[in-house]
Every structure is written in structure tokens, then in C-alpha cells.
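K.L.:
Each chain, written out:
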Amino acid sequence: MEFLPLGDQAVMIACRDEQEASAAALSLRHDPFAWQIDVVQAYLRVAVFYDLRRIRFQQAIDALRERNWTNENVRAAGRIHVVPCCYEMGLDLERIAQHVGLDRDAVIATHCGTVYAVYAIGFCPGFPYLGYLPDPLANVPRLASPRLRVEAGSVGLTGRQTGVYTEARPGGWSIIGRTPLLLCDLAESWFPIRTGDRVKFERIDESDFAMLKGERLPIRHPS
Amino acid sequence: MSFAVLAAGVESRLVDAGRTSTRGFGVPIGGAADRRSWRLGNALVGNASDALALEVALAGPTLRAEHAMHAVVFGAPFVVSTDRGSLVVGKTFDLEPGETLRIGGTPAGVRAYLCVHGGFEGREILGSRSALQPIHVGETLACAESRGRIRSAPLDHPSLRLLDSWTLRVLPGLQRRQFPGAARDFPPLFAASVFRATNASNRMGVRLEGPPIAIPPDEISSEPVCPGTIQTTRDGQCIVLGIDGQTIGGYPKLAQVIQADLDALAQIRPGDEVRFVSCSIQEAEAAFRSREAETREWETRWSA
Numbered sequence: 150m151e152f153l154p155l156g157d158q159a160v161m162i163a164c165r166d167e168q169e170a171s172a173a174a175l176s177l178r179h180d181p182f183a184w185q186i187d188v189v190q191a192y193l194r195v196a197v198f199y200d201l202r203r204i205r206f207q208q209a210i211d212a213l214r215e216r217n218w219t220n221e222n223v224r225a226a227g228r229i230h231v232v233p234c235c236y237e238m239g240l241d242l243e244r245i246a247q248h249v250g251l252d253r254d255a256v257i258a259t260h261c262g263t264v265y266a267v268y269a270i271g272f273c274p275g276f277p278y279l280g281y282l283p284d285p286l287a288n289v290p291r292l293a294s295p296r297l298r299v300e301a302g303s304v305g306l307t308g309r310q311t312g313v314y315t316e317a318r319p320g321g322w323s324i325i326g327r328t329p330l331l332l333c334d335l336a337e338s339w340f341p342i343r344t345g346d347r348v349k350f351e352r353i354d355e356s357d358f359a360m361l362k363g364e365r366l367p368i369r370h371p372s
Numbered sequence: 080m081s082f083a084v085l086a087a088g089v090e091s092r093l094v095d096a097g098r099t100s101t102r103g104f105g106v107p108i109g110g111a112a113d114r115r116s117w118r119l120g121n122a123l124v125g126n127a128s129d130a131l132a133l134e135v136a137l138a139g140p141t142l143r144a145e146h147a148m149h150a151v152v153f154g155a156p157f158v159v160s161t162d163r164g165s166l167v168v169g170k171t172f173d174l175e176p177g178e179t180l181r182i183g184g185t186p187a188g189v190r191a192y193l194c195v196h197g198g199f200e201g202r203e204i205l206g207s208r209s210a211l212q213p214i215h216v217g218e219t220l221a222c223a224e225s226r227g228r229i230r231s232a233p234l235d236h237p238s239l240r241l242l243d244s245w246t247l248r249v250l251p252g253l254q255r256r257q258f259p260g261a262a263r264d265f266p267p268l269f270a271a272s273v274f275r276a277t278n279a280s281n282r283m284g285v286r287l288e289g290p291p292i293a294i295p296p297d298e299i300s301s302e303p304v305c306p307g308t309i310q311t312t313r314d315g316q317c318i319v320l321g322i323d324g325q326t327i328g329g330y331p332k333l334a335q336v337i338q339a340d341l342d343a344l345a346q347i348r349p350g351d352e353v354r355f356v357s358c359s360i361q362e363a364e365a366a367f368r369s370r371e372a373e374t375r376e377w378e379t380r381w382s383a
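These protein sequence lines are chains A and B, in that order. So the first sequence is numbered by my numbering: it starts at 150 and just counts up by one. So the second sequence is numbered by my numbering: it starts at 80 and just counts up by one.
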């Protein structure tokens, strides 16, 4: 781990790999410092925001350096979420299949046969960046011209990432399917997915989609 | 019932200290962009420093008071009037039932805060009552009836004197050393240039126009960012992230505006000149502490 200044607001922890970053973020959320305001992970990096009224950068960095980061209980604490996905509603399923040279069923089986890690949340509130796609599905380029509106629930992919649009937004990712579930609800302060969690997609058909539409993602506790 | 919104203005929204502990959900901080002005406005009408206020930007709203209210507009020198005549930014006033408050434009700066005694009401989301959307025509802004003693900030107060040329202090950004020509300090074009804020500036960020800066050749993966982070886009132009800025970003970060200068960032107007000067982390911390102490002192004095 390397500790760097994010201006005078946070210590940025640069980690060896995504797993180490997720474990560090989980550990800090589980057992926060008194001066800690916020913890944000994205891929290999974790920003630990501190309250400058309570601590200086040098003290924050010292405390982080001295911390014991090898807590195996915390390492296992991420949740696993199962996200139903209707691939028949994937606007770009055909384009993806052509690009990767697989038939539609093989694309679907590959996409929902992988357990993804949540490496970052951003772009819009609650949007999980999931990785990494298995090689056969990797490197589908962005759309030449982004859609002006991608519906909430759309499951997209590009490069080595897949993710779920939690709000309707303009977007350039290829859309492989759509989930009927709400993955977050800002107005109700409800955000069940955090970095370090894992996500698996489960294939559903259009009648399942209609039945589940608008429901919240069920929360499963780690077993 | 309280204020009826007759005209919404360019971007008027209810704000408090925002959501500083939920960036991990991808939710921007939000809340008052110029925190000192918001706090001092609240102090003048005798509010707790975290009371909900109406932030107005560039061209303000027209509001009709449904009952008596004690209020103030604090921040950029907006043109403010009621049915009875013009008002002064930084001096409290009483509104009579049915009276219309007009907040017009400002010759300098961008934002000011309409604070009413007792604060506005709003629903809490993730620990803050800051609204997720600007106000709109026909909406009602709820607050309690109030009357109060007229008081005034010193009208030559530094928070009320705004400039059209700004110098922001910066610390190095995380990719600063990867920029071509940045061996020891910032790239010369960054350190020595005068930038101009463009019309595309808003609460998400201040977009600058200047000589194009050569960017690092390598792609970087997204990492956490915060208000004040200066990202350089592929065309070599800089964006300084604002209070509603994104929580993670994948552009190379050249520099980071210090916390003590973030209120100034919120007052940079399209067309204003912006320069950057580097400082040390110790200087940044000292600047934050003395600014915070100064704000507290005024809050105490004005609310007494």
C-alpha cells in the first residue's frame, strides 16, 4: 500500500490490486477512525476523507500507515447480490454477439455465469462498476454515438466492465439486458450495494420482468 | 404555506451542508457551494449554522411571502427588492404577508443565500435536507412565520466584495508528475497561464479555457475525486470540480484547489480570470484553520 495526498481533503491509498483496495475500504467502514468523514473506493484506490478541523494530513497518514490491515473477518464481509436480468431486452445483444463472435445464448450464459466484484460506484448515484468480464466478452467498444437516454435498469458493458444504469441517463455502453429491480433509491436513502460486494446476474424472461418491475433488490446476508 | 415561487431563477435550490459521508454510493456532496456565505447568512437571522437556505445563482427567483418573515440575502451583491423598495445584501429585512421578494442579477460573483429565520423545511435524504433538484414555478417553500430585529453585516465585509479575477491556491494533483514538462513543478503552461471561466460552468464544475496543456499519454483508471480536483480533458482544457461534482473520475488530475479556496471557486463567474498558485500542505492547513476561525468569530458576533 502507498499513501498519497488528495489535496488537503483525503489520504489516497494506492493498493496492489482491487481485492486489497476492497478489503481496506471494508475495514475502514467497519472500524472507522474518529476523524474519518468518508471512504470511497474506485478500483485500486481508496480515498479516506478526513475532517481538517480534527486532524492534519500528516497525522492521518501516520494513523493509516500504522493500522493493522490484515483482518480476515472484514475481508469476508462483502455481500453477494443476485440481479435478475432480462437479456431479451438487451438493445445491443445482437451487436455484442457479432463483435465477440459468439451466438446470443453463449453471450448470455457467459455474462450470467460470472460472479463480478463491485470495484466502484459512481457516474450516477448507485451505479455499480462490475468487473471483470471474462475474456470472451471483453473489449466491446462504446457505441459510436452515445444514446441520449438509457433507461434505468439497463445492464451495459464496455471494455472489461459491466454495470447497471440506476437512473435514466445518456450513455455509450452496449446494452446487454435489463433488470426490473431497483438497485438503489436515493429519495429513500437506500443503497444496498457497496464496493467489495459481489454481483451475479440471473437470466429471467419478459414475464418475470413484468412481475418484478419496480421491486427492490432483495438483501442477502453473507453466509 | 410560506413562499410561493413566482419565478424560479437560473438555478435556485435549497441547501445545507450537503452529504459528505455518502460519496461511496456515487452521490455528490451537494449543499451550499459557498459555505461561508451560507453560514454567515444564517448567523444574521439568528439560525443554527446548518439551517436550510435558498441558494440563488446569476439570476435569482421571485417569491411571494405568504406570511411575515424575517430574512436576509447574503453573498454576491444581487439586486434585491420588495414591493416597498430595494434591499441591501448583508442586511436583514422583514417581509409582510403577501409581499413579493425579487432577487435579480448580480454584477459580480455567482451565488448568494436567502436565509429566513428558523430556516426552510425539507425532507432529509442521506443525512441532509439539500434538495436534489432546483426549485420550480408554482412550488411552495415551507418555513415558519417570523419577525426580527434588523441587523447588518459590515457592508464592506470581505464576503460581500467579489472580484472578477481570482487566484486559487493549489496542491499537486495525483498525476501531476505524469504531465509532460512537469518534472519539478506544474507544467509551465498551467503555472503561468491566465484561464477564463466558460459559460459551461455550473455546480458540477468550473470549466476553464486556456492554452491547451499536453496530457499524460497513458490512460488511468477511475479514482476518487472531490470538489477542487482539477481534471484535464483530452483537449488539454481544465475542469475544476464543484460541490455537485462527480465522485470518481478517470481524467488525469493536475492539481487540487485547497479547501480554504473552495468558497471562492463557487463565486467564479463565466468570463472571470482564474490563476493558480501552488502552496504546501502546511500552508493549506493553516489557511483552512484561520478561515474557519474567522468564520466562527463572525458567526458568533453576528448572531449575538
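Think of the hints as simulated: they come from the structure by calculation, not from any bench. We put the beta carbon where it would ideally sit given N, CA and C, even for glycine. Check the hints yourself; a few may be wrong.
To spell it out: a stretch of chain A is covered by chain B in this simulated footprint if at least three of its residues, at any positions, have a beta carbon under 8 angstroms from a beta carbon of chain B; those stretches are [as the list claims (entries may be wrong)]:
1) 186 to 193
2) 198 to 206
3) 227 to 236
4) 255 to 261
5) 265 to 272
6) 300 to 311
For each label pair, taking beta carbons as the anchor points, the in silico distance ranges come out as [as the list claims (entries may be wrong)]:
7) B:Gly-350 to A:Leu-251: 33 to 39 angstroms
8) B:Gly-289 to A:Thr-259: 58 to 64 angstroms
9) B:Gly-350 to A:Thr-259: 48 to 54 angstroms
10) A:Ala-293 to B:Ser-382: 36 to 42 angstroms
K.L.:
Tell me the hint numbers this structure goes against, listed in increasing order.
P.N.:
Going through the list in order, the structure violates hints 3, 4, 6, 7, 8, 10 and respects the others.
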